[in-house]
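Novice: Here is how the chains run, residue by residue.
Protein chains: 2
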Amino acid sequence: MSIITIVGSGVMGSAMCWPARDNGHEVRLVGTHLDREIIDAAKKTGEHIKLKRRLPDGVLCYQIEELETALSGADLVIGGVSSFGARWFEENVLPKIADGTPVLSVTKGLEAQEDGTLLPFPVAMAKRMPAGRNVVLNAIGGPCLCYELCDHHHTTIAFCGPDMELLKKLRDMLETEFYHVCLSTDIAGVECAVAMKNGFALGVALAIGQKEAAGVENLNPESALFGEATRETLRLIRLMGGEEESICYFAGDLYVTVYAGRSRRLGELLGRGLDIDEARERLNGVTLESAAVDVTVAAALRRMAEDGRANPDDFPLLQHIDELLSQHAKLNIPWEKMARNA
Amino acid sequence: MSIITIVGSGVMGSAMCWPARDNGHEVRLVGTHLDREIIDAAKKTGEHIKLKRRLPDGVLCYQIEELETALSGADLVIGGVSSFGARWFEENVLPKIADGTPVLSVTKGLEAQEDGTLLPFPVAMAKRMPAGRNVVLNAIGGPCLCYELCDHHHTTIAFCGPDMELLKKLRDMLETEFYHVCLSTDIAGVECAVAMKNGFALGVALAIGQKEAAGVENLNPESALFGEATRETLRLIRLMGGEEESICYFAGDLYVTVYAGRSRRLGELLGRGLDIDEARERLNGVTLESAAVDVTVAAALRRMAEDGRANPDDFPLLQHIDELLSQHAKLNIPWEKMARNA
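Protein chains in written order, with numbering that gives the first Met the number 0: chain A, 0 to 341; chain B, 0 to 341.
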């Protein structure tokens, strides 16, 4: 039995309590400053108010002020924050993690460097880590609706990180009869897939919003965008030096994300012809990782294009999504350009 | 304006009348011996009884006995038969096509050679063509529900063939404001994707049938199978010497095929726990290309494994589908094996 400390008690981070407790580990769930109510309620009643489920028996809950206590003696730290909390996690949690303790993160996103180079969060953070620090950063990719993880539906995801032997240890700690774990040292490929499935779920949903607005039933347009999203993500994986096979994590994850989730909702509204400001208003300020990653990656591609490291024409769908998000462009799916650049 | 003769007046072949007529070509639609009623009705009323739509004005309809007449002077022949009609097309239509006339086929499937080698139909047929014959065989891949093609919904597919200059001519003949054509000389990759999206739509639907039988709502299991289907198809594309980027045609096509179509239906029934015989009975003898391609490819992989050209362990989902189809196996999705072999 090990001690697993989860930092960030939103729905995805907290859902990791289930496979962790199913394996009999001591599980410590730490809320961030944004999770205060979640932890208060959990301490009082054992209920997770966002997951609307009773946490597994034995999960210990902590407020952020108790972080050091929760981290002491931990064998594994699970990073449970969203991409918007990545920097906060790096600055406020990472330094407090003892050398030799691995981190496994559910955070999805890509970080653009000054020169436009795109790095997965674990790689970008590792580069900034003080010399001599020994905290290996790993991440989770692949399709996983958190509620289904809690309810023991079969779920297959990937743990990625730099050290296969460590990845095997992490799998041994967390896999269950229902939580199936693939392993990959292709951090760039897996994390690119993870980040872009949010970004492109928005893109595929443009066609869904369009048919809803037109009051017609069809599937050819959204399946064409699904294929284009796969093509552009495969190109981005190559650009990031990842392995092409990691596109498999993208395809399954895009499928479920197009069905469910907020990323789809914004795309639907833009597909119905709403301006980005109207769409954001409808979603009343819900933070959207999908929009953030699209804008980040599109800008990075423009920067890389300046010295010929990327060709934005290889990404016509992503470019148009960025125009919708950043420039109030009118919806105009680039059908011909996508086919010509296939 | 050119003359385009479509041989095979099932739903997909006949749907090609729309982009062909939208481009102003003379379109001749020839029914096979199985299509007699369709052609009779079309000649009388102009209606296509299977598509339940009025054929575009000017489409000329022919019974199979009038094949020579319909082929005379044709600039392009579109092969509209299903994979079960491929051999018939090769033996009865191909020999009657004049040298210099290209063929563009909607037929989906792979052909296993004696030694287990898998070839796309156009390649297998070209190999058997008499020396000196000059009939270039091309094919269409990618997501396209035929009804939507008739109704002018945006559709993006790929024409594949050995000669890029010819492919460009074919695109010029058929692309429209709604019918968007990608071009690829990767016949192996595109045709493998096209064939396996049918085969694996059955596989993904196993999880759909399972949740229906259990009366639960979930998406993680089917999205995991969607990812595994993508992985196994990518491996098969490599095995066939295709290009990895052609997996993009698979992903978009699997998405729409899982939503709609008969391939999904058989998988659902097997997912509900029915034996293959019970399932076939429920579908009362509807011919299923998906089951045929799964059995063909699984057998070919076993044959290739004999001399080390393939490793069946790289295809755990396909293997289990084959067990369900060929050996009356009980449903037992190989979750752990899939994750271990990722």
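Treat each hint with caution, since some may be false.
For chains that are exact copies, the list does not tell them apart, and a pair is met inside one copy or across any two.
As the list claims (entries may be wrong) - Simulated pairs of lysine-lysine, DSS-like, Cα-Cα distance not exceeding 27 Å:
no.: 1; residue 1: LYS336; residue 2: LYS51
no.: 2; residue 1: LYS329; residue 2: LYS167
no.: 3; residue 1: LYS168; residue 2: LYS51
no.: 4; residue 1: LYS168; residue 2: LYS126
no.: 5; residue 1: LYS168; residue 2: LYS336
no.: 6; residue 1: LYS336; residue 2: LYS167
Source of the hints: derived by calculation from the structure; they are not laboratory data.
The model shown is predicted, which means the values in this text are computed figures rather than measured ones.
Novice: With 27 Å as the alpha-carbon cut-off, assign the pair LYS329 and LYS167 to within, between, both or neither.
Specialist: For LYS329 and LYS167, neither the intra-copy (48 Å) nor the inter-copy (31 Å) Cα distance is at most 27 Å.
Novice: My question is about LYS336 and LYS51: at a cut-off of 27 Å on alpha-carbon distance, are they close within one copy, between copies, both, or neither?
Specialist: Classified as neither: same-chain Cα gap 45 Å, cross-chain 33 Å, threshold 27 Å.
Novice: Within a copy, between copies, both or neither: which one fits LYS336 and LYS167 at a CA-CA cutoff of 27 Å?
Specialist: between (44 Å within a copy, 15 Å between copies)
Novice: One pair to classify: LYS168 and LYS126, alpha carbons no more than 27 Å apart. Within, between, both, or neither?
Specialist: within (24 Å within a copy, 51 Å between copies)
Novice: For the identical chains here, do LYS168 and LYS336 meet the 27 Å Cα criterion within one copy, between copies, both, or neither?
Specialist: Classified as between: cross-chain Cα gap 18 Å, same-chain 46 Å, threshold 27 Å.
Novice: Have a look at LYS168 and LYS51 and pick one of within, between, both or neither, based on CA distance no larger than 27 Å.
Specialist: neither (31 Å within a copy, 59 Å between copies)
Violation of the numbered hints given earlier is confined to hints 1, 2 and 3; the remaining hints are satisfied by the structure.
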